[in-house]
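K.L.:
Here is what each chain is made of, one letter per residue.
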Amino acid sequence: MSLTLKKRNKIAKEKKGRDFGSVLRSQGLLLMLILMVIFFRIQDPEYFLTFDNAITILVGATALGIMASAQTPLIISGGIDVSVGSVVALTTVVVGKLLATGMASWLVVVISILIGTSIGLLNGFIVVQLGVNPFITTLGTMSFFSGLSFILSAGQTVSIRDHLFDWFLYTKVFKIPVLVIIVVFVMALAYFVERKTVVGRNIFAIGGNREAARLSGISTKMLPLGLYVVSSLSAALAGVVLVCQLGSASPQLGTSYLLSVVTAVILGGTSLAGGRGSIAGTAIAVGILATLSNGFAHLQLPSYGQTTALGAALIIAVLVDQTSLKMKNSK
Amino acid sequence: MVAIDQEDGARKGPILQLKSISKRYGGVQALSDVSIHVNAGEILCLVGENGAGKSTLAAIAAGLVSPDSGQIIVDGEEVVLNSPRAAEVAGIRLASQELQLCPELDVMTNVLLGHYPRKKIPFLVDYNSMKRKAEERLSSLGLEDIDLSQNVGEMPVVYRAFVQIARSLTPGAKVLITDEPTSPMSDIEATRLLKLLKTICDQGVGIIFVSHRLDEVLNIADRVLVLRDGKLVDEMGKNEGNKERIVSSMLGHTSVDSVRASSSVNADSEIAMKVQNLSTANGISETDLTLKFGEILGVYGIAGSGRDSLGMTLFGSNKPTAGKIIVGGNEIKLGSIKSAMDVGIGYVPAERRAQGLLLERSIKENITLAFLRKLSKWGLIQKKSETESGQLWVDNLSVKTENMENPVLSLSGGNQQKVLLSRWLLTGCRILILDDPTRGVDIGSKLEIYELLQRLAHKEKVAVLVISSDIEEVLKISDRIEVMRNGRITLSKTNPTQQEVARAAYLEEAS
Numbered sequence: 001m002s003l004t005l006k007k008r009n010k011i012a013k014e015k016k017g018r019d020f021g022s023v024l025r026s027q028g029l030l031l032m033l034i035l036m037v038i039f040f041r042i043q044d045p046e047y048f049l050t051f052d053n054a055i056t057i058l059v060g061a062t063a064l065g066i067m068a069s070a071q072t073p074l075i076i077s078g079g080i081d082v083s084v085g086s087v088v089a090l091t092t093v094v095v096g097k098l099l100a101t102g103m104a105s106w107l108v109v110v111i112s113i114l115i116g117t118s119i120g121l122l123n124g125f126i127v128v129q130l131g132v133n134p135f136i137t138t139l140g141t142m143s144f145f146s147g148l149s150f151i152l153s154a155g156q157t158v159s160i161r162d163h164l165f166d167w168f169l170y171t172k173v174f175k176i177p178v179l180v181i182i183v184v185f186v187m188a189l190a191y192f193v194e195r196k197t198v199v200g201r202n203i204f205a206i207g208g209n210r211e212a213a214r215l216s217g218i219s220t221k222m223l224p225l226g227l228y229v230v231s232s233l234s235a236a237l238a239g240v241v242l243v244c245q246l247g248s249a250s251p252q253l254g255t256s257y258l259l260s261v262v263t264a265v266i267l268g269g270t271s272l273a274g275g276r277g278s279i280a281g282t283a284i285a286v287g288i289l290a291t292l293s294n295g296f297a298h299l300q301l302p303s304y305g306q307t308t309a310l311g312a313a314l315i316i317a318v319l320v321d322q323t324s325l326k327m328k329n330s331k
Numbered sequence: 332m333v334a335i336d337q338e339d340g341a342r343k344g345p346i347l348q349l350k351s352i353s354k355r356y357g358g359v360q361a362l363s364d365v366s367i368h369v370n371a372g373e374i375l376c377l378v379g380e381n382g383a384g385k386s387t388l389a390a391i392a393a394g395l396v397s398p399d400s401g402q403i404i405v406d407g408e409e410v411v412l413n414s415p416r417a418a419e420v421a422g423i424r425l426a427s428q429e430l431q432l433c434p435e436l437d438v439m440t441n442v443l444l445g446h447y448p449r450k451k452i453p454f455l456v457d458y459n460s461m462k463r464k465a466e467e468r469l470s471s472l473g474l475e476d477i478d479l480s481q482n483v484g485e486m487p488v489v490y491r492a493f494v495q496i497a498r499s500l501t502p503g504a505k506v507l508i509t510d511e512p513t514s515p516m517s518d519i520e521a522t523r524l525l526k527l528l529k530t531i532c533d534q535g536v537g538i539i540f541v542s543h544r545l546d547e548v549l550n551i552a553d554r555v556l557v558l559r560d561g562k563l564v565d566e567m568g569k570n571e572g573n574k575e576r577i578v579s580s581m582l583g584h585t586s587v588d589s590v591r592a593s594s595s596v597n598a599d600s601e602i603a604m605k606v607q608n609l610s611t612a613n614g615i616s617e618t619d620l621t622l623k624f625g626e627i628l629g630v631y632g633i634a635g636s637g638r639d640s641l642g643m644t645l646f647g648s649n650k651p652t653a654g655k656i657i658v659g660g661n662e663i664k665l666g667s668i669k670s671a672m673d674v675g676i677g678y679v680p681a682e683r684r685a686q687g688l689l690l691e692r693s694i695k696e697n698i699t700l701a702f703l704r705k706l707s708k709w710g711l712i713q714k715k716s717e718t719e720s721g722q723l724w725v726d727n728l729s730v731k732t733e734n735m736e737n738p739v740l741s742l743s744g745g746n747q748q749k750v751l752l753s754r755w756l757l758t759g760c761r762i763l764i765l766d767d768p769t770r771g772v773d774i775g776s777k778l779e780i781y782e783l784l785q786r787l788a789h790k791e792k793v794a795v796l797v798i799s800s801d802i803e804e805v806l807k808i809s810d811r812i813e814v815m816r817n818g819r820i821t822l823s824k825t826n827p828t829q830q831e832v833a834r835a836a837y838l839e840e841a842s
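Those sequence lines, one after another, are chains X and L. Residue 36 in our numbering sits at position 36 of the first sequence, with consecutive numbering throughout. For our numbering, count along the second sequence from 1 and bump the result up by 331.
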């Protein structure tokens with residue numbers, strides 16, 4: 001099938017406009033965010049769009065931001081990890097139990113990291129080495145570790161108080177809390193890897209055309225394995241952050257996070273099919289989710305309305321993607 | 332099931348006629364004013380090289396593709412086949428190469444797929460009736476011994492083919508088209524399938540049988556039609572056909588007109604790769620091969636000859652069951668792409684879209700994909716180096732694009748192939764293996780690629796291995812040719828004639 005030069009240039013423009021399209025998508029997202037902020041501001045000009053408000057939002061977005069930063073490259077590479085919620089829950093429960101025994105908090109954090117890494121290795125091994133579908137695999141581990149966290153905690157919520165955690169929570173650098181710095185750093189790091197490193201390029205290659213990546217000498221085993229480890233690790237760290245922020249440990253903490261993380265990633269423009277997407281989009285989407293949550297809370301709107309709004313935004317975003325994909329492909 | 336009144340001696344003529352069929356795909360004239368006909372109770376075989384048009388013709392007859400011009404006449408009446416359903420209604424059935432069966436369902440269900448007998452109560456399937464009907468259909472084909480309750484996916488290939496054919500012979504079948512059904516089968520299994528086809532045709536159905544395997548063709552054909560470059564070039568009746576005639580009709584004249592640059596390789600030249608006793612699970616048997624620096628070695632063979640998996644095996648994508656590959660005096664690790672790349676082997680796969688390119692990514696990124704590590708420091712891609720490398724090869728190979736940041740999807744097939752080639756040239760590999768390097772590429776780019784390969788081998792002394800299903804291509808650019816048939820090398824010669832190559836590829840006796 002030969003294309004005339006004209007037609008090819010047109011496709012090139014459309015495609016550049018597809019990278020422009022994802023820029024457009026990001027702009028659409030930014031628009032959504034701005035509209036939302038304006039809406040809330042109108043509702044309560046005293047509170048919204050102040051520095052404190054922004055900080056509150058960012059703090060609230062920390063756990064979500066860390067997890068979404070890890071999930072994005074994983075999904076781009078063609079994988080997925082739905083066990084993140086349970087890893088969060090398990091981590092908080094373990095942290096609670098260990099602190100109650102009087103263990104030093106820095107050690108507790110180290111152990112959380114180990115737990116996250118091991119679960120990631122488990123997920124990665126099953127998916128990469130045994131070849132089981134990632135969704136099924138992580139669905140299985142999700143249930144397993146969720147159950148485990150209920151067993152360990154006997155279903156109880158425990159309250160936590162610790163100075164390392166207090167330090168994390170309350171220390172500010174130039175009025176910005178350490179937690180916010182952490183999440184911004186993680187996102188920036190993820191963006192950097194995605195755009196500028198060989199690893200980042202390989203992630204897109206594996207997700208875009210696994211066979212082509214393989215036949216170009218890219219390992220289709222090590223990298224995906226690493227991504228699963230990073231995903232679970234991010235969930236473990238998010239768990240620690242949550243314990244800091246909430247001052248409590250509960251096996252029920254994780255569940256809502258799974259939905260938020262996946263929503264943020266997809267809303268941000270990353271395709272579940274793999275090969276496309278960006279942390280940039282995810283970051284804005286996380287901002288949208290966090291603003292929404294903050295807005296609803298402050299205005300004392302029922303929180304379930306939030307889920308509905310989110311669901312609607314997600315469906316619209318996916319539909320827009322599908323339609324623009326179809327228009328592109330029908331030439 | 333397929334009973335067509337045999338006493339209808341006053342049959343108006345052929346059961347299916349394709350008149351003056353033409354079809355063009357983009358720049359290629361796939362079929363040019365081809366007229367064929369099939370009579371009831373006759374087996375017509377279509378043969379031809381890859382790209383000769385036989386599959387296109389079969390697709391048109393089956394309603395999968397619409398011809399640009401021409402008529403289709405079934406049983407004396409003209410029909411318009413704008414969908415497979417229309418073809419089915421007209422009495423034409425297709426049993427294609429790809430499986431039309433559901434592997435997880437049993438034989439009974441598959442045989443009557445989509446046509447389950449219903450009970451009087453709506454939505455309910457009448458399983459008793461279904462069992463009976465399935466049994467009837469199978470026994471009318473002589474296939475009573477097939478277990479109705481077995482899952483189709485668990486059956487051996489030949490039985491699956493049987494079920495597939497049984498499935499396609501729904502009532503009212505007048506013509507059965509089957510495209511290379513015996514490709515995945517051994518000779519013994521193929522014989523059984525041929526017997527089934529004979530049974531079907533004895534019941535009055537006309538059969539169009541497309542095949543590469545000339546022994547089978549001569550075995551069962553009532554008539555043989557040869558296509559070449561989209562035209563009908565020969566027709567043979569039952570006892571007129573022989574392999575020599577078929578092969579020479581399929582190939583026509585050689586058009587090796589361009590000047591071939593000469594290779595300076597001789598017996599003392601350095602050996603790049605030595606393959607000993609290579610065997611694979613999917614088609615190669617105890618094959619030896621020697622590739623030298625500074626030459627283009629061409630390997631030719633038809634589908635299933637082992638030629639198709641040779642490239643992947645040598646590159647380490649496929650692990651052989653036996654044999655050695657020796658590069659630079661050392662045996663390399665088999666089945667490891669990394670090991671192959673480490674000793675300087677590069678591989679351009681046959682399917683550039685499915686196996687080679689990241690279609691949505693830029694031209695530049697596609698070019699540098701296999702060389703990123705060298706273009707980066709501490710894992711960080713050096714933008715300047717990458718841009719320079721990309722631009723260098725875009726220029727060297729004259730890739731027609733205004734901007735190498737454009738997605739590779741925007742390029743024509745020929746330019747896409749050049750991008751894929753650039754990927755490996757950038758790595759500086761000393762042994763380059765190419766599978767069907769100019770498939771689906773326009774003439775202009777084809778010639779550019781040939782020139783490039785010749786320069787690569789003769790001036791840069793790279794060892795080039797071109798594995799191809801295109802006989803003209805192989806003859807045009809190779810310094811030396813090896814021909815594979817049934818997993819083995821049947822010819823190894825420096826300047827064979829086209830006839831010699833074709834004989835070695837298609838016929839039993841080696842030249």
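FYI, nobody ran anything at the bench for these hints, they're computed from the structure. Do not take every clue at face value.
As the list claims (entries may be wrong) - In the DSSO-like style, the derived pairs of lysine-lysine whose C-alpha atoms are separated by at most 30 angstroms in a straight line are:
(1) L:Lys792 to X:Lys196
(2) L:Lys650 to L:Lys705
(3) L:Lys715 to X:Lys196
(4) L:Lys462 to L:Lys450
(5) X:Lys196 to L:Lys669
K.L.:
Would you mind marking each hint as holding or not holding in the structure?
P.N.:
Evaluated hints:
no. : hint                 : result
1   : L:Lys792 to X:Lys196 : 35 angstroms, violated
2   : L:Lys650 to L:Lys705 : 27 angstroms, holds
3   : L:Lys715 to X:Lys196 : 12 angstroms, holds
4   : L:Lys462 to L:Lys450 : 13 angstroms, holds
5   : X:Lys196 to L:Lys669 : 24 angstroms, holds
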